[in-house]
Structure formats: structure tokens, C-alpha cells
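Asks: Hey, can you work out the whole structure from these sequences and the hints?
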Amino acid sequence: MTTEIEELCQKLTHAFEEQKDDPVSLVTVIDLYASHINSHMTLQEKESFLQTIHDGLSDHIIEQIGWDLPKTLLDFISAENLKTEDQLSKSPILLTVAKCFNKIAINGNSKECLLAACESLSDLKIAPGEEADEVLKSESHLLSDLKLDDSKENQNDTKTDVEKLNDSIYNADEPLKYEDETVPDIKIHFLFEMIITCSRRLETPYPSKFLAEVVMAISNFMRNNIKLMNEPIFFLKRVYQYIVSYNKIQHDRTTKFKDQNIGDDDPQAKIFKDELYLENKLISHLITHTLAQCLKETFFPFDFYYFMELEGTGILDKKIDLTDILSKFYLLTLLYDIDLVQEFKNYATESKNIYDRTFQKLNESEDKTVTKKFIDFLWKVAYNYTIEKSLKETTLVMDPLGVLILIGAYYLEEASCVITDLKITDAIYSYLRYTTTAKNSELYYNSSAECALKYCLWVTVTQNSTNSLREELHKLPEPISRIFLESFLRRIWVSQENHTYNISFIVLSRLLCLFPEYISFEFINSSLASCPDITARGTLLSILKVLMTKPIQNTDSYPIRSPTEPIIPIETSSNDKTTIDTPVEGQKDKNTPPKLPPRPYIQMNDTTMNKISITFVSTVEEYKQTKEDGYFLNLILDYMNFFVSLRGNCNLTVLTCISNAVDDVITDPQDPRPLVGFIRQANEILLLHTSSLKPEEI
Numbered sequence: 001m002t003t004e005i006e007e008l009c010q011k012l013t014h015a016f017e018e019q020k021d022d023p024v025s026l027v028t029v030i031d032l033y034a035s036h037i038n039s040h041m042t043l044q045e046k047e048s049f050l051q052t053i054h055d056g057l058s059d060h061i062i063e064q065i066g067w068d069l070p071k072t073l074l075d076f077i078s079a080e081n082l083k084t085e086d087q088l089s090k091s092p093i094l095l096t097v098a099k100c101f102n103k104i105a106i107n108g109n110s111k112e113c114l115l116a117a118c119e120s121l122s123d124l125k126i127a128p129g130e131e132a133d134e135v136l137k138s139e140s141h142l143l144s145d146l147k148l149d150d151s152k153e154n155q156n157d158t159k160t161d162v163e164k165l166n167d168s169i170y171n172a173d174e175p176l177k178y179e180d181e182t183v184p185d186i187k188i189h190f191l192f193e194m195i196i197t198c199s200r201r202l203e204t205p206y207p208s209k210f211l212a213e214v215v216m217a218i219s220n221f222m223r224n225n226i227k228l229m230n231e232p233i234f235f236l237k238r239v240y241q242y243i244v245s246y247n248k249i250q251h252d253r254t255t256k257f258k259d260q261n262i263g264d265d266d267p268q269a270k271i272f273k274d275e276l277y278l279e280n281k282l283i284s285h286l287i288t289h290t291l292a293q294c295l296k297e298t299f300f301p302f303d304f305y306y307f308m309e310l311e312g313t314g315i316l317d318k319k320i321d322l323t324d325i326l327s328k329f330y331l332l333t334l335l336y337d338i339d340l341v342q343e344f345k346n347y348a349t350e351s352k353n354i355y356d357r358t359f360q361k362l363n364e365s366e367d368k369t370v371t372k373k374f375i376d377f378l379w380k381v382a383y384n385y386t387i388e389k390s391l392k393e394t395t396l397v398m399d400p401l402g403v404l405i406l407i408g409a410y411y412l413e414e415a416s417c418v419i420t421d422l423k424i425t426d427a428i429y430s431y432l433r434y435t436t437t438a439k440n441s442e443l444y445y446n447s448s449a450e451c452a453l454k455y456c457l458w459v460t461v462t463q464n465s466t467n468s469l470r471e472e473l474h475k476l477p478e479p480i481s482r483i484f485l486e487s488f489l490r491r492i493w494v495s496q497e498n499h500t501y502n503i504s505f506i507v508l509s510r511l512l513c514l515f516p517e518y519i520s521f522e523f524i525n526s527s528l529a530s531c532p533d534i535t536a537r538g539t540l541l542s543i544l545k546v547l548m549t550k551p552i553q554n555t556d557s558y559p560i561r562s563p564t565e566p567i568i569p570i571e572t573s574s575n576d577k578t579t580i581d582t583p584v585e586g587q588k589d590k591n592t593p594p595k596l597p598p599r600p601y602i603q604m605n606d607t608t609m610n611k612i613s614i615t616f617v618s619t620v621e622e623y624k625q626t627k628e629d630g631y632f633l634n635l636i637l638d639y640m641n642f643f644v645s646l647r648g649n650c651n652l653t654v655l656t657c658i659s660n661a662v663d664d665v666i667t668d669p670q671d672p673r674p675l676v677g678f679i680r681q682a683n684e685i686l687l688l689h690t691s692s693l694k695p696e697e698i
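In this text, residue positions in the sequence shown follow the UniProt record's numbering: the first is 1, and each later residue adds one.
One or more of the hints may lead you astray.
[As the list claims (entries may be wrong)] Listed next, the in silico DSBU-like pairs over lysine-lysine satisfying Cα-Cα at most 35 Å (straight line):
#, residue 1, residue 2
1, K345, K373
2, K475, K439
3, K439, K328
4, K83, K296
5, K361, K439
6, K248, K380
If you are wondering where the hints come from, they were derived from the structure by calculation, not from laboratory data.
Replies: In C-alpha cells form, the structure reads like this:
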């Protein structure tokens, strides 16, 4: 007795024979049977059906309906269908689907099949339920062991000059590195290989038209799925493979065109040059946009790597897979002559112009006062500019976030900064533009690009003289300086990345030594009062203590210190050599006035100490309202240690204010908490100092 699957397979075989010249009817039959079988039948029955499709795909039929089959075939690539006790590489369903794709890509209408693959990629959506189960994930790396058995295909004579589909993934000698491939990854691979193979077979004077379709499909897929992809490196690898393959296609096409000896005045020559220009522009966009999208949520600490290089310490977590793909994409910039130097300079110049135009409008207005409304506008001006610019763009351009990531990739590959004369103001304007834009819309947030910008800040503060840095920073408009420092601190406590948290405070402390003194102090004091991260407040207080106690010293040699010990700058001579204050005996110029004695970077006086004590009181009030013991008590103890260390510079008003505030904290003399005990001891030291003050000191 004939089973249902045998009957359906027989009907399908007859349909291939009888309706080979009626593609619409044949496609309808295949889709109808496929939907029913994939939903209701066993794995063995599905295997039989797919094999029947494969056997019925003659060259003539593929030419007629090949473009319509990829979506139907991809429906059979599911976690349920690929479950097997055997290796995934031996799954009959996967093997048969691969063979069908192989036939379609090689013998189908190249233009229609390419567009069909683009449509499938564009529509492909990764849903949480579509992820492979643990068994499939553990075996998916064995997909590289798959070998297509072409002995039954009898196609060897028809595939001259065309590489077989899926060579890269079915090469047993080069297994994939990723062991977390999912069902969507397999679909992505099949579609990319089909796109590559069809692109090789295209015969058209306007290849940019089809390249644009591929770029659009990739962009659509990333927009729809990138947040759901567990392994974006896998997708980056597929895009890299496509671009390398396309470069080979361009090279072969160029060689063929040159062999025709067509003159420069011939219309064909102009078409060829215009197409090549458009193709390169599309590829440049694809390189940068893919990097920006795929690494949007991927943390890659370029700044941390640079810091470790300065310190001479080895890097434990090299992120080998990510470093490898960044290296590959950097090589693509060389392949397509992408000028990273000019692209970053354009970004920095554009960033500066955004804010310069804003201040120009302020100066042209009747009221030139910098109001809170103006400051609020500064926080949004870069975002508004980005939106306005994107609405006006009529062509694809390089993604600036991708360019920033490539700046970091250049450092990894070349061990140097791509811009040798990078100015600190360029780095600040670029960083400020990025962070304020990302603050207003998550769409423009990119973790790796942010690390690349912080790397640029590190380069500027460690590879330029102190004098030149201070001169540049003193030229910055005061609101820009304040917003930059606030934005930088905000990104530290928001990101909370273990690799960069401490080193971000180190570079911040260096910057605070370079900005004008009043700006640095007001920034620290206001942050101590308002920063949501209590730990960050404690670190800032430690930095302030160092800035108030340690004299200005040489930093051009750049010693590495902890986050609580900022690097204090020294005045240097024009040739960047340290100026020694102590003259050699017998060489002192009698007409030269003596130099001022060394002084801390931030002076301790009644005004500064009074402001800090007021901030301390507000912190105590916060503690009383929140009653969060741990972090706030630690911060209060940090304040007490700060005041104890600097008690000689505190007047009676400040000391009394501190003592009264502490009394509000220690309401119970028998409180057993250790932190409360330490705070009590510190307060007793301050009270003892207060009682010893002479009348003239009060």
C-alpha cells in the first residue's frame, strides 16, 4: 500500500515532467506540498520530499523557477528538522537543501536568483524561539565537515569557470571557529553563498544596480536583527567574505574590459568608470555601516589596550575573534583605498563646526548671555544636526561610527595612531558630538566607537607637550569644556565597564590638570553634589585631594598612576624639556626675578573649602533621605578623611559646619557599624583641631 509521502512524491515527480513549461503551476504545487509536509510529517518523510525536489531540478526547470525556491527550502532549516543523534554535518535535510541551493545558484537565472536571495536575506528575522537548542548549538560547528557529493549530479561539464557553492563552509580542513552558530546563521550562510555565486555569473553593464540591492538587503537584515544576534562576528565574517569575493569580480571585470582596448572617449568607457566609482562607494558604505551596526553593543576597549601598552603590561583578554575580524576589515580599507585620515579629519572638523555655528549665533543675538536654555541646546545640537543631515542625504556615505571603529582597528594593526598630529580639541569635539548624540537617541550609541574616541583622547594627552595641551584647552569655550567633562564622567558611571572604569578616571584626572583651574574645581564640586554614582563621587573626591595637595610636576614622561592619583602637569620650555627651577650657582641672572614657589593645581582657600563643606552637608542630607548605608557611609568617610588631611586649611566656619553635619549621621553613640566608628574618630580629630585654633586663626 502506498504511503502518503510516497504518493505526494510521485505527484511531485509527475508535476516536474508535465508542468515544466508552466512555472506558475509548478511553483504552486511545490509550495503547497512543502508547507503540508514541513508542518505535519516526520524527518524521514521530509528528507524524501526534499530529495524528490532535488532530483526534479533540471537545468530548464531551474531557469524557470529557481528564483522562487530559496524561501521554500529555507523553511526546512529549523532546529526541529536538524535535531539528530548523528553529527549535524551528516543531516540529510541540511545536505539536500545545500545541494538544491548549489543547483539553483549555478544554473538558475543569475539576476533573478540574486534578487531573490537579497529579498530572503532582507526579510529574514531572528526570533528568540528560532534559536537552535543546546544540542544543535553544540554540534553546529561540525557543519564545516559537510561535503557535497557531486558524483550524482553529473554537472562537472557544466561548471567550468564557476566555483562550487559553499566551498568555504564545507571544507573539512578549515573548520569554523564559532561554536555558537544558530539556525539563522546557517540560513545566512546559504544566502550569502548564493549571492556571491550569482554575482560572479552576472553579465550586465550596470553591476552597481545589483550591488545596491545586496547592500540594501544586508542593511535591512541588520536593522531588523542585530540586537537579537548572539554572535555578530559570524555575520561580519560573511560580509567580509562577500566583499573580498566582489573585489575579485571587479578585478576580473576590469581585466576583461582592458583586454577589449576600448578608447577613453567611447561611451562604454564612461559607463564602466562611472559604475566602478559607484561600486566602490557602495562597498565603502557597506564596510563602515556593517562594522557600526554589528559592533553597536560589542565592547572593544581600544583605550584599555593603549593604556596597557603605555604601562608595559600584557593583555590577558585579547578578544582574538573580534581582533581578527577588525584586522580583516582594516585590510578592506586598504583594498578599497578608504582614506581614514581624511575621513576622521572631516568628522572632527564637522564636529567643531557644529558648535562654532552655535556660538556664532549666540554672539549675533541681542542677549549674549549663556543661559541654562542655551546649555540645554548645546546638549542637543549635535543630535539635531545628525538628524537634519541624514534627512538631506541623497546618496550612501560612509558611516562615521564605522570610521571611528576603523581608527581603533588601525591602531591594533599598525600600533600607532592614524593621525600623527591629532589635536586634543579635535578629540574633544568629536567625543562630545558622539556622546551627546547617543544620549539623545540610542540609535546612535556604539560601544566600540566610543572606546575608539577615548583612545584618541589618550593619544592626545600622552603624545603632546603639556604646554600645547593647556594652550589648546584654554581656547575652548567654557560651556564646551563643562559639557565635555560632564559627558565624559556620565559615560564612565553609565557604562561601568570593568576594563575601562579606572583608566577612564586616570585620563579624566589628567584632563582636569589641563583645563583652567576654576573650570576643573567647579566641575568636581558640582559632580560631588549631583553624580548619581556614589563610587564615582568618592573617586572624584580623591582626585580633588591630590589636585589640592600635590604641587605641579612633570607629566611629559607620563608615569602611570591609580585613578585617585591624577597626573599633574608642569610648565615646560618651548622645546618640551623640563625647566629646572633651581639655577646653577654663579649663573643666576641678577635681573631675573625669583620664580614663584611650587603650588598645587587647585588652591586651598576659604572659598573652595567652604564650597566643599556645603557639598558635604548636602551629601549628608541625601544619606538621611535614602538611608542607604554602604555607599553613602563610605562617601561620608571619604569626606571626613579629606577634611582631616586638609584641616589646617579649614577655618572655624567650615569645621563647625562639618561637625554639625556629622552629628546628624551619628545619632546613636552606640552604633556598632564600623564605618560609623571611623567617621566618629575622624570627627573627634577635627573637634580637637578646632579647640586648638588660636583666635587669629579663627
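Asks: If a hint holds in the structure, say so; if it doesn't, say that too.
Replies: Going through the hints against the structure:
no.: 1; hint: K345 x K373; in the structure: holds, 30 Å
no.: 2; hint: K475 x K439; in the structure: holds, 26 Å
no.: 3; hint: K439 x K328; in the structure: holds, 31 Å
no.: 4; hint: K83 x K296; in the structure: holds, 32 Å
no.: 5; hint: K361 x K439; in the structure: holds, 24 Å
no.: 6; hint: K248 x K380; in the structure: violated, 44 Å
Consistency note: the structure conflicts with earlier hint 6 alone.
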